Amino acid sequence: MSLSPTGALRQSGNLFAMALDVFRTMPRRPFQAREFIQQAWFVASVTILPTALVSIPFGAVIALQIGSLTRQLGAQSFSGAASVLAVLREASPIVTALLIAGAGGTAICADLGARKIRDEIDAMQVLGIDPVHRLVVPRVLASMLVAVLLNGLVSVVGVAGGYFFNVILQNGTPGAYLASFTTLAQLSDLWAAEIKALVFGAIAGIVASYKGLTAKGGPKGVGDAVNQSVVITFMLLFVTNFVMTAVYFQVVPQRG
Amino acid sequence: MGVEICVEGLTKSFGQQVIWQDVSLTLPAGEVSVMLGPSGTGKSVFLKTLVGLLKPERGSITIQGRDLTRLREHELYEVRKLFGVLFQDGALFGSMNLYDNIAFPLREHTRKPESEIRRIVLEKMDMVGLIGAEEKLPGEISGGMRKRAGLARALVLDPEIILFDEPDSGLDPVRVAYLNQLIVDLNAQIDATFLIVTHDIASARQVPDNIGLLFRRELVMFGPREKLLTSDEPVVRQFLNGRMQGPIGMAEEKDAAQVEQELAQLRKGEGRGTGPDATGGPTKTPGSQVMTPRLLPGPGITRPPRWQAIARREAELHGHRSREVADA
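Listed in order, the protein sequences are those of chains A and B. Just so you know, we're using my numbering here: the first sequence kicks off at 1 and counts up by one. Just so you know, we're using my numbering here: the second sequence kicks off at 257 and counts up by one.
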């Protein structure tokens, strides 16, 4: 990545242009269904296991923190409500996004980067095929779909993990924990989380594809591209997450 | 029938660095042209600019009345269907076997039934001698086979223009000879416009109708093969003869005084009859340059009128030479 200010601006401009291209190309027929299914399956297969394994301790940590916090505040009856809220609203979209970017995005970036430096992308363009339509759109859609689905998985596993740690290890009351689930959380939280996951999936897919398609300088260039794509995705994710959360609180009325 | 490409005042630079500037040439329809140049003079960049993969700073590339440098993205994709490009390493899709690679453009662009696709693919694979290797992956075959498979893929949409990026790099001399023969045969068969980018002098002497030479950020010369092969331009002579004396240095160009000195030495050497010009056949034209006979289409190929004329001219030249040899 170049350090000059114009270089950084150019990079962001190109990235944004690519994002626009992707959305503009999305409705174009014929839809690359085969590529989409392959990629969705591929991204899912590299992310499911790590996601499940990460979300168990993540749910547990939240349960432990909230468990001790609610005890200190004397609000044990709310421990279930708070941990569901934390998992559903923040933890699961973020965990999903990190894993989509870390496991799925890197694979996409490395794959496209390797094709780029082997001239495959150029060859494709010369054959009159738009790589954005043929390769990038299916990948971005695949990572969006898998992000949404994984977000559901993380929510379930995270809440289950929280329940397990709160009830078994911290001697919480199972009934109270379950009963308090809906005191603070509401259905719109789940929708908001899914929308977040969708956007994060799109960002991860677009950044990975952009970095892969602009890789240059041989095999080392591919390595650099993968590295940068993870860093850029993470930065964008946290900024987007903040903005979306702020908007969510303004738009959706909160309980209690 | 091939298509004429008209390049006018083309300039390309990366940042501050000018690759070449003010390149103007016309690739005549249906003819074979070779673009020569020392390594690193932007021959591949020129090729990529011709197909619109890189945008030039100035100038125009006109094909069928359309300026490639000003086309919108989707129009560019349409025009590119006229092109077939053979990339340096074939640029095959690593995840597909050879058959699928070659069938790929047909499956993407046409609604032909699979049986029709199969017929075309096998025909092209036969053309480049790859029958029996359909199931192989690009990673499992040699560089020469990859090049030939890349050529078959470039041919599959019946292009009007075929560009070759260093078809001879990384191949042994025998395979280069076969590939050159294949190129000539193809030109006689499909009549497309060919542009070959290379630094192999032997091929440049045998194959093309026209030769161009890129050096020192500009097109030194572009014209009919005879003109270049008999040219007295120092750069052209140095490159075509592959010698060290002359303007082209190891790293970049040399300074003028040194070039003068070397050329003077060379002229003295030639005067004593020990000039190193001996890379091709034995015919010496008045310019004391070697005129290598042209490669003609193989015996099984029906020659179109253009090639019949070339063959007649070559036969005259050859006949003339064999008489000379007999006299001596």
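Treat the hints with care, since some could be wrong.
To be verified - Under the rule of at most 30 Å between Cα atoms (straight-line distance), these lysine-lysine pairs were calculated in the DSS-like manner:
| # | chain 1 | residue 1 | chain 2 | residue 2 |
| --- | --- | --- | --- | --- |
| 1 | B | K368 | B | K311 |
| 2 | A | K220 | B | K392 |
| 3 | A | K216 | B | K392 |
| 4 | B | K311 | A | K220 |
| 5 | B | K368 | A | K216 |
| 6 | B | K368 | B | K392 |
| 7 | B | K337 | B | K368 |
| 8 | B | K311 | B | K337 |
| 9 | B | K311 | B | K392 |
| 10 | A | K216 | B | K524 |
As the list claims (entries may be wrong) - Calculated from the model, a selection of chain A residues having no Cβ within reach of chain B, i.e. all distances over 12 Å:
| # | residue |
| --- | --- |
| 11 | A19 |
| 12 | F36 |
| 13 | Q38 |
| 14 | W41 |
| 15 | A52 |
| 16 | L64 |
| 17 | A114 |
| 18 | V148 |
| 19 | F242 |
| 20 | Y248 |
For the record, the hints were derived by calculation from the structure and aren't laboratory data. Values in this document were obtained by computation on a predicted structure and should not be read as measured data. Note that CB positions come from ideal geometry on N, CA and C, so glycine has one too.
The hints, checked one at a time:
| no. | hint | verdict |
| --- | --- | --- |
| 1 | K368/B x K311/B | 34 Å, violated |
| 2 | K220/A x K392/B | 28 Å, holds |
| 3 | K216/A x K392/B | 28 Å, holds |
| 4 | K311/B x K220/A | 25 Å, holds |
| 5 | K368/B x K216/A | 36 Å, violated |
| 6 | K368/B x K392/B | 24 Å, holds |
| 7 | K337/B x K368/B | 16 Å, holds |
| 8 | K311/B x K337/B | 18 Å, holds |
| 9 | K311/B x K392/B | 36 Å, violated |
| 10 | K216/A x K524/B | 48 Å, violated |
| 11 | A19 | 16 Å, holds |
| 12 | F36 | 16 Å, holds |
| 13 | Q38 | 10 Å, violated |
| 14 | W41 | 14 Å, holds |
| 15 | A52 | 28 Å, holds |
| 16 | L64 | 45 Å, holds |
| 17 | A114 | 8 Å, violated |
| 18 | V148 | 27 Å, holds |
| 19 | F242 | 35 Å, holds |
| 20 | Y248 | 37 Å, holds |
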